[in-house]
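Start from chain A and add chain B according to the hints.
Next come the chains, spelled out residue by residue.
2 protein chains.
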Amino acid sequence: METENKNQVEMGSNFAPKYDENGLIPAIVQSHATNEVLMLAYMNAAALTKTLETGLAHFWSRSRQSMWLKGETSGQIQHVKEINIDCDQDTLLLKVVVAGDRGCCHVGFENCFYRVVNSNEDGAPSLVITGKKP
Amino acid sequence: METENKNQVEMGSNFAPKYDENGLIPAIVQSHATNEVLMLAYMNAAALTKTLETGLAHFWSRSRQSMWLKGETSGQIQHVKEINIDCDQDTLLLKVVVAGDRGCCHVGFENCFYRVVNSNEDGAPSLVITGKKP
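As given, the protein sequences belong to chains A and B, one line each in that order.
FYI, in our numbering the residues of the first sequence are 2 to 135.
FYI, in our numbering the residues of the second sequence are 2 to 135.
One chain only, chain A, in its complex shape (with noise of 0.2 Å):
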């Protein structure tokens, strides 16, 4: 990257959302009230549209290949209050109010990382379930 060009990137006014080469973007989600992070799931330029438009959460599912509005069937639907983009624009953070249970897992989980890696002095890292239900 030459100089102006990074410079403009990471100090610049131009939002301009780095797509990787499936064309999805990394956005961590973070409840807006207590700072917890809830997830990570992957935008593609159509889902970032539709979440600046709606202000409802909408992602891109690798799995089903398909946009889908977080929440549609669960009721966790996610209010997005701010958008955050890193310095090289690669990768983006919301800042959210969920709805329904305010729960975000599938899993049944207030957020995704309800569980613990702990480092066993001999063997490998296991992994303990700390995480609360809504």
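For the record, the hints were derived by calculation from the structure and aren't laboratory data.
It is possible that part of the hints are untrue.
When chains are identical, the list treats them as one kind, so a pair holds in a single copy or across two.
To be verified - The calculated BS3-like cross-link candidates involving lysine-lysine, where the alpha carbons are at most 27 Å apart (straight line), are:
1. Lys19 with Lys82
2. Lys133 with Lys82
3. Lys19 with Lys7
4. Lys134 with Lys82
5. Lys51 with Lys134
6. Lys51 with Lys133
7. Lys133 with Lys19
8. Lys82 with Lys51
Relative to chain A, chain B alone:
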């Protein structure tokens, strides 16, 4: 994914991070003290092992194609207090205490998400700098 395997991935204690087609897994880095999201970076298996062994965040640089110890040059070393993994084990969340000047972003801000997307009624969204310097 068959049901038994899906259940094991989602609810089991077996730590089995799922790497993408480039051998990488995204890692969200969050401040252990404030819950502020600092950055998103990528780990390969070697960087994850090194992080678990040392307690210091190591990542894989996609641009330089090499492992890096975050903060090696800047002094903004990230001491990892906790690692979480998400439901389908394809995203990590690191809770860290930052050393040095407690900053994170190479551009000079406390975190990489120092710009907000502003939706203008007439025209394309633009960016406004809201981040602070350490």
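Status of the hints after comparison with the structure:
1. Lys19 with Lys82: Classified as within; 22 Å inside a copy, 31 Å across copies.
2. Lys133 with Lys82: both (24 Å within a copy, 20 Å between copies)
3. Lys19 with Lys7: within (13 Å within a copy, 32 Å between copies)
4. Lys134 with Lys82: Intra 23 Å, inter 23 Å, cutoff 27 Å: intra and inter.
5. Lys51 with Lys134: neither (29 Å within a copy, 32 Å between copies)
6. Lys51 with Lys133: neither (31 Å within a copy, 30 Å between copies)
7. Lys133 with Lys19: between (34 Å within a copy, 23 Å between copies)
8. Lys82 with Lys51: Within one copy only: 15 Å inside, 37 Å across.
Comparing the model with each numbered hint stated earlier shows that hints 5 and 6 do not hold.
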